[in-house]
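Student: Sequence:
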Amino acid sequence: MPKALIIAIAALGGAAVAGAAGPSDAPGHAAPAPESVYAPVAPAADTEKVNQGGLNLDLTVRYMTDYVYRGIDHSEVGGHEDAPNLQFDGALKFDLGKFPHPIIGLFANVYDSDPVSRFQEIRPYVGLELEIKPLTFTGGHTTYIYPERDTLNTGEFWGRFTYDDSGLFGAERPLLNPYAFAAYDYDLNNGWYFELGVQHEMPIEDTPLTLIFSADIAYILGQQQQFVYTSPADEGFQHYELGLTANYSLNTLLNTSRRFGQWTLQGYLFYTDGINGNVTADTQLWGGMGIRLQY
Numbered sequence: 203m204p205k206a207l208i209i210a211i212a213a214l215g216g217a218a219v220a221g222a223a224g225p226s227d228a229p230g231h232a233a234p235a236p237e238s239v240y241a242p243v244a245p246a247a248d249t250e251k252v253n254q255g256g257l258n259l260d261l262t263v264r265y266m267t268d269y270v271y272r273g274i275d276h277s278e279v280g281g282h283e284d285a286p287n288l289q290f291d292g293a294l295k296f297d298l299g300k301f302p303h304p305i306i307g308l309f310a311n312v313y314d315s316d317p318v319s320r321f322q323e324i325r326p327y328v329g330l331e332l333e334i335k336p337l338t339f340t341g342g343h344t345t346y347i348y349p350e351r352d353t354l355n356t357g358e359f360w361g362r363f364t365y366d367d368s369g370l371f372g373a374e375r376p377l378l379n380p381y382a383f384a385a386y387d388y389d390l391n392n393g394w395y396f397e398l399g400v401q402h403e404m405p406i407e408d409t410p411l412t413l414i415f416s417a418d419i420a421y422i423l424g425q426q427q428q429f430v431y432t433s434p435a436d437e438g439f440q441h442y443e444l445g446l447t448a449n450y451s452l453n454t455l456l457n458t459s460r461r462f463g464q465w466t467l468q469g470y471l472f473y474t475d476g477i478n479g480n481v482t483a484d485t486q487l488w489g490g491m492g493i494r495l496q497y
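FYI, in our numbering the residues of the sequence shown are 203 to 497.
A portion of the hints provided could be inaccurate.
Said to hold, decoys possible - In the EDC-like style, the derived pairs of lysine to aspartate or glutamate whose C-alpha atoms are separated by at most 16 Å in a straight line are:
no., residue 1, residue 2
1, LYS295, GLU333
2, LYS300, GLU331
3, LYS335, ASP367
4, LYS295, GLU331
Unchecked claim - Label-pair restraints from in silico Cβ distances:
no., residue 1, residue 2, range
5, ARG461, PHE439, 22 to 32 Å
6, LEU413, PRO380, 31 to 41 Å
7, ALA293, ARG375, 15 to 25 Å
8, LEU378, TYR473, 31 to 41 Å
In case anyone wonders, no lab produced these hints; they're calculated from the structure.
From the three backbone atoms N, C-alpha and C, an ideal C-beta is built for every residue, glycine too.
Given only the sequences and the hints, what does the whole structure look like? Please build it.
Tutor: See the structure below:
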């Protein structure tokens, strides 16, 4: 065999041996980890860094031209028409997974033009929420406190069923989100209040704006009229209400992360009117502005 060929074969063999025992196999060097067939876990996006704990807050502070509740305008007790009402509406919900979620809430209406008490109404409530798709049931107890009008204080038990109709229409979100609500005043009025309603959310594409259209109709059985009593009938259809709420995301506007909560600027416009002339209800166009924090 030619000498040159022998030298070439020996050189190739030495290179192969060197490759088989490279630097990674030397003492103090770890062998490279085999490449995984799975994609690495991506870090959480900024929009996903939200409160996913067991306690959630929902707080709204708003200024309204009137305080209309269940068809009754509580702003008519004194002061000039459309005197502003400052309202606080907050709730804490405890997420217990598959178990019912306890809820603790408080509503307060501050009305400077009230001739008796600026804190016109304080309404604490407790409840439980249970979701069994497509139904969500919420039930609980509400106490009505009217400072310096103690004879009007009362309490009620209530329940609400909401139906998620997205599956019925094959949509990504509920279309009408219908609900049925009932409340029984066991203390002062010994009467029932019933309400049926719908709500439709319409996000405006490529904007932080969402419009919410709502409508409801109410029926009373017995003297179920908080705060205002003007010859109520024993029973009958009491009022209907049409509403428009505009939600504008402040997180998007200010480019802030949702980990600090979801902040929403809200605008409200409602029209309430009576149905049965023998049942107390007011005719009112009312609205206002507010800020909502969900965390």
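Student: The structure should be examined with respect to each hint, and the outcome stated for every one.
Tutor: Here is how each hint holds up against the structure:
| no. | hint | result |
| --- | --- | --- |
| 1 | LYS295 <-> GLU333 | 13 Å, holds |
| 2 | LYS300 <-> GLU331 | 11 Å, holds |
| 3 | LYS335 <-> ASP367 | 10 Å, holds |
| 4 | LYS295 <-> GLU331 | 9 Å, holds |
| 5 | ARG461 <-> PHE439: 22 to 32 Å | 46 Å, violated |
| 6 | LEU413 <-> PRO380: 31 to 41 Å | 18 Å, violated |
| 7 | ALA293 <-> ARG375: 15 to 25 Å | 22 Å, holds |
| 8 | LEU378 <-> TYR473: 31 to 41 Å | 19 Å, violated |
The structure shown violates the earlier hints numbered 5, 6 and 8.
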